[in-house]
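Visitor: Read off the chains here:
There are 2 protein chains.
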Amino acid sequence: MSSTKASENKSLKLIEDPVGTLEPLGPFARSRRVHVEDGDVRVPFREIELSAGEPSFRVYETSGPHFEGRSVDELRAGLPKLRQPWIDRRIAKDGENKTQLWYARRGIVTEEMRFIAIRESVTPELVRDEVAKGHAIIAVNHKHPESEPMIIGRRFLVKVNANIGNSAVSSSIADEVDKLRWAVKWGADTIMDLSTGKNIHETREWILRNSPVPVGTVPIYQALEKVKGKPEDLNIDVFIETLIEQAEQGVDYFTIHAGVLLRHIPLTRGRTTGIVSRGGSILAKWCLHHHKENFLYTEFEKICDVMKKYDVSFSLGDGLRPGSIADANDDAQFAELATLGELTDIAWKHDVQVMIEGPGHVPMHKIKENVELQDRICKGAPFYTLGPLVTDIAPGYDHITSAIGAAMIGWFGTAMLCYVTPKEHLGLPNKQDVRDGVIAYKIAAHAADLAKGHAGAQARDDALSKARFEFRWEDQFNLSLDPEKAREFHDETLPAPAAKGAHFCSMCGPQFCSMKITQDLKQYADSQALSEEEARARGLEERAQAFREGGGDFYVGGADAEEE
Amino acid sequence: MSSTKASENKSLKLIEDPVGTLEPLGPFARSRRVHVEDGDVRVPFREIELSAGEPSFRVYETSGPHFEGRSVDELRAGLPKLRQPWIDRRIAKDGENKTQLWYARRGIVTEEMRFIAIRESVTPELVRDEVAKGHAIIAVNHKHPESEPMIIGRRFLVKVNANIGNSAVSSSIADEVDKLRWAVKWGADTIMDLSTGKNIHETREWILRNSPVPVGTVPIYQALEKVKGKPEDLNIDVFIETLIEQAEQGVDYFTIHAGVLLRHIPLTRGRTTGIVSRGGSILAKWCLHHHKENFLYTEFEKICDVMKKYDVSFSLGDGLRPGSIADANDDAQFAELATLGELTDIAWKHDVQVMIEGPGHVPMHKIKENVELQDRICKGAPFYTLGPLVTDIAPGYDHITSAIGAAMIGWFGTAMLCYVTPKEHLGLPNKQDVRDGVIAYKIAAHAADLAKGHAGAQARDDALSKARFEFRWEDQFNLSLDPEKAREFHDETLPAPAAKGAHFCSMCGPQFCSMKITQDLKQYADSQALSEEEARARGLEERAQAFREGGGDFYVGGADAEEE
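These protein sequence lines map, in sequence, to chains A and B. Using this note's numbering, the letters of the first sequence map in sequence onto residues 51 to 614. Using this note's numbering, the letters of the second sequence map in sequence onto residues 51 to 614.
Calculated from the structure, these hints are not laboratory results. Do not rely on the hints blindly, as some may be mistaken.
No copy is singled out in the list; a pair is fine if it fits within one copy or between any two copies.
In the SDA-like style, the derived pairs of lysine to any residue whose C-alpha atoms are separated by at most 20 Å in a straight line are [claimed, not checked]:
1) Lys502 x Pro560
2) Lys418 x Gly503
3) Lys280 x Lys566
4) Lys278 x Lys566
5) Lys143 x Gly320
6) Lys358 x Ile286
7) Lys535 x Asn480
8) Lys481 x Pro545
9) Lys235 x His504
10) Lys143 x Ala79
11) Lys418 x Lys502
12) Lys276 x Pro560
13) Lys342 x Ile286
14) Lys183 x Arg205
15) Lys502 x His415
16) Lys235 x Gly320
17) Lys566 x Glu252
18) Lys566 x His339
19) Lys278 x Gln561
20) Lys429 x Glu73
21) Lys359 x Gly506
22) Lys276 x Gln561
23) Lys131 x Ser222
Could you build the full structure based on these sequences and the hints that come with them?
Guide: Here is the structure:
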């Protein structure tokens with residue numbers, strides 16, 4: 051197992067200490083982090099201890115060492131560099147660290163692939179094969195050895211990304227480190243640092259050194275800072291310089307808006323909400339000012355050279371995604387998608403991994419077309435969508451408007467869902483918004499896994515429903531996506547500890563609890579059940595009598611406490 | 051216009067006053083209640099005043115006279131009886147008040163149908179025709195003349211029901227009246243009083259006299275109280291007595307679990323969560339105790355006689371709906387549905403209106419089958435579903451797990467969506483849970499209207515998105531489903547009044563606001579736009595020069611403030 055002494059991690063020492071006020075996070079009740087080992091690959095899971103003799107239940111776990119709570123000193127030191135030995139070995143053997151796509155195409159199963167195979171309960175060969183085809187990516191910059199490998203592709207569990215990052219108006223480094231820990235606690239599979247305010251470089255450094263999940267960025271934001279906020283002063287040199295700076299820090303994937311072409315821009319003219327992507331609008335301004343083609347497009351191979359060196363993956367940005375229901379699936383959006391298909395081929399030629407970003411705001415009946423087109427045009431490269439929001443009319447609740455679209459688009463084949471928080475369109479999300487956004491998207495991703503018939507996905511639903519049926523309240527809470535919220539809601543009306551063993555809740559009370567009634571009936575069945583033959587022989591009236599004599603208890607099935 | 055003096059409303063006088071502590075609700079900012087008149091039919095809308103010369107925007111409005119705020123004295127007096135003159139006229143003419151289905155089948159357009167036609171922007175003939183076919187219902191007990199007519203059917207706007215009501219463990223009459231006002235403020239189209247605790251009759255009276263929307267109940271709950279909570283002591287007489295008592299008070303629709311047959315009960319034996327419907331479990335217990343067929347089924351025509359007399363609509367309950375993903379779409383559920391199809395024919399024979407209740411817990415890929423089967427088996431009778439929840443693993447967030455399923459099932463044709471609150475499975479919802487549940491379901495219903503291509507549905511999305519693009523923050527808030535939440539979230543990071551005119555928010559700050567960048571570009575276009583011919587003649591370089599000289603502003607389309 052690779053781990054690094056705090057003292058080796060020099061980068062954070064150069065920065066003024068902003069995390070002194072952060073309290074350690076604790077694990078969830080009755081949960082512990084366990085590992086499945088295969089040689090030097092140690093794959094984390096969360097094991098939830100259940101009561102009443104039920105076997106403990108394992109779930110996919112994203113919070114890394116934050117799980118056990120990390121002190122301020124540990125935050126300063128950064129996480130252990132678990133992938134460092136694998137990277138060092140490859141560099142010793144091949145002269146440099148190649149991309150996961152390079153290895154996959156040559157039939158080589160990397161440690162990251164073995165890690166993922168255990169994590170996803172699939173064969174290492176499936177992982178390698180999907181990566182080799184470009185149908186899945188493993189976003190692992192070798193300068194971010196702290197990350198626990200994960201995979202993004204339609205044959206695997208649907209993933210969730212959480213955006214964090216400050217703006218010129220709001221937030222500090224401590225806030226962002228706190229949001230990072232919070233995001234992975236609730237289950238974010240990757241995070242994006244979208245900082246555009248102060249201390250962009252330092253904020254990113256703190257995040258990377260403490261992130262157990264891949265980190266994405268949109269480098270054009272920092273490039274724009276470097277040219278004092280004037281889009282027209284951007285050029286490929288300052289952009290490449292920015293890419294190298296961020297790649298050296300360890301960023302695992304870059305959103306790059308290379309598909310916003312000069313000829314696409316007039317297609318947005320009739321739109322209700324024009325260009326809503328920050329990166330897209332910056333590049334549109336550049337293109338029009340110079341009346342030249344987007345330099346990210348014309349110099350795309352130069353960019354590939356940087357990506358390849360670090361194994362940074364492309365997240366090809368959809369700078370022209372629709373920002374309203376009115377603009378969904380329009381010519382501008384699909385013209386850009388065609389360009390992203392072109393760029394996918396170029397990236398693959400360089401053994402660079404690629405995923406494709408998608409919308410945005412799309413009514414339900416137009417969602418499927420997005421996935422089908424993307425899959426065809428981008429030859430199966432993983433799709434990574436923001437929502438989509440299925441209506442524009444609910445600012446303050448866009449985690450919900452978009453979870454609806456996200457669940458559906460996940461079912462149709464999207465590999466990763468970029469969360470939307472309740473603050474979308476209104477302000478910078480705080481810590482609580484991050485939690486609300488991540489949980490809404492864990493719901494969407496899991497619902498998509500169920501609908502896709504993903505092997506094993508339903509086991510957690512079944513375990514939780516069984517706990518519910520059997521009045522194992524604590525087990526029900528602990529198996530849920532947010533045990534703390536579930537417990538808090540139950541406590542609101544029935545705070546006494548004894549209520550956690552009660553055969554009813556405040557919703558219906560003891561008399562009207564369908565669970566209680568059917569539980570009573572089930573107990574009778576367990577002691578008195580007749581075989582079908584016996585029942586037929588004795589006749590129906592006798593069964594009725596047996597039921598009455600048994601105290602009126604007869605199995606009719608389980609139940610949970612619902613209204614009506 | 052019919053209105054009644056407070057003194058005429060005697061029923062509330064008999065009850066101890068429980069509403070003394072309630073504060074009046076106020077209207078939303080810059081909103082007023084307006085009416086479209088057609089003779090003695092006065093249809094309410096909410097008109098939202100916009101800024102910048104934009105025409106004011108009208109939305110469907112459900113809160114009735116609560117909109118303007120009602121004092122404690124007005125709550126005691128009850129709402130005006132707006133339908134009383136119509137009912138009186140019909141009784142004078144036909145000797146009794148017939149059902150809306152009776153009138154519709156005879157080609158008679160009632161005042162209620164004319165009211166609904168204006169409310170839904172359709173022809174009265176469409177309303178009459180859909181009711182005549184049984185494809186839509188107008189739930190209007192003539193003893194609830196306070197209600198503003200609305201329609202439930204797949205050709206109309208998708209509706210939302212909010213469940214309120216106390217339990218033995220929690221809540222008071224004042225709490226329930228407050229939840230009623232709150233539910234209709236946020237847009238509930240009907241409410242169900244599911245009280246099972248103290249003062250069932252009195253609570254219902256307060257609710258009915260103050261409800262501008264149809265009220266549903268599950269009469270078996272009160273019938274069970276009358277037999278001291280012993281399901282086996284239930285019988286048709288006590289049930290009919292309860293129906294009459296509640297019909298006399300004015301309940302507009304009854305959930306009746308007449309489809310839970312003795313032979314269906316063993317089909318639930320292998321279930322993970324058995325029978326989760328309170329009504330379903332009570333009747334299952336009765337059937338097994340007596341080993342007889344469900345008396346609601348065998349005596350169904352007696353029940354129809356009561357329904358017909360008052361024009362109470364059936365909501366045929368799905369007592370065997372699945373309570374977990376594991377149990378979705380199973381034999382028990384579909385066996386009951388077949389019985390509900392039979393009962394629909396019997397009700398229609400009596401000119402009684404019918405809708406059909408549906409699940410429950412259903413993974414996304416099994417939702418469509420529910421709607422298709424229900425539509426075929428119940429010959430187009432409106433479908434009314436609880437969610438469905440698309441996963442079991444998120445107690446505390448089941449307004450979200452179920453809004454996903456609700457949006458989809460609404461798109462597929464469900465006419466009314468029964469909300470689920472965040473407290474589902476955990477406790478009795480409070481006022482805030484009612485708001486969260488209603489808003490989540492207004493989102494689902496509106497998303498379904500959009501996906502169905504419902505005429506006019508997109509106008510609100512377009513108006514809000516235009517306001518967003520034009521930085522009309524107050525208009526954006528006021529056009530949203532929850533203006534108070536949207537404003538509160540914006541205030542959290544930028545509380546200064548001036549920020550409501552700012553061309554950015556705290557999410558991205560001024561530099562990175564895609565809206566601002568593209569707004570700048572649009573302004574340029576408005577002054578400098580070239581026709582395509584001119585542009586071609588002048589050549590591209592000249593356009594670029596024009597752009598630069600114009601200060602770098604050129605239209606590329608609108609934008610909203612999103613991340614990336």
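Visitor: Please go over all the hints and tell whether each is borne out by the structure.
Guide: How the hints compare with the structure:
1. Lys502 x Pro560: Neither: 38 Å inside a copy, 42 Å across copies.
2. Lys418 x Gly503: both (18 Å within a copy, 16 Å between copies)
3. Lys280 x Lys566: Classified as between; 14 Å across copies, 67 Å inside a copy.
4. Lys278 x Lys566: between (67 Å within a copy, 17 Å between copies)
5. Lys143 x Gly320: neither (56 Å within a copy, 57 Å between copies)
6. Lys358 x Ile286: This pair counts as within: shortest intra-copy Cα distance 17 Å, inter-copy 77 Å.
7. Lys535 x Asn480: both (18 Å within a copy, 15 Å between copies)
8. Lys481 x Pro545: between (26 Å within a copy, 19 Å between copies)
9. Lys235 x His504: For lysine 235 and histidine 504, the Cα distance exceeds 20 Å both inside one copy (23 Å) and across copies (41 Å).
10. Lys143 x Ala79: neither (45 Å within a copy, 69 Å between copies)
11. Lys418 x Lys502: This pair counts as both: shortest intra-copy Cα distance 14 Å, inter-copy 15 Å.
12. Lys276 x Pro560: Classified as between; 16 Å across copies, 66 Å inside a copy.
13. Lys342 x Ile286: within (13 Å within a copy, 82 Å between copies)
14. Lys183 x Arg205: This pair counts as within: shortest intra-copy Cα distance 12 Å, inter-copy 46 Å.
15. Lys502 x His415: both (19 Å within a copy, 8 Å between copies)
16. Lys235 x Gly320: neither (43 Å within a copy, 36 Å between copies)
17. Lys566 x Glu252: Neither. Shortest intra-copy (56 Å) and inter-copy (27 Å) distances fail the 20 Å Cα cut-off.
18. Lys566 x His339: between (70 Å within a copy, 16 Å between copies)
19. Lys278 x Gln561: between (69 Å within a copy, 10 Å between copies)
20. Lys429 x Glu73: Neither: 46 Å inside a chain and 61 Å across chains, both beyond 20 Å.
21. Lys359 x Gly506: Answer is neither; intra-copy 37 Å and inter-copy 53 Å both fail.
22. Lys276 x Gln561: Only across copies: lysine 276 and glutamine 561 sit 13 Å apart there, 68 Å inside one copy, limit 20 Å.
23. Lys131 x Ser222: Neither: 26 Å inside a chain and 58 Å across chains, both beyond 20 Å.
Hint check: violations occur at hints 1, 5, 9, 10, 16, 17, 20, 21, 23; the rest are consistent with the structure.
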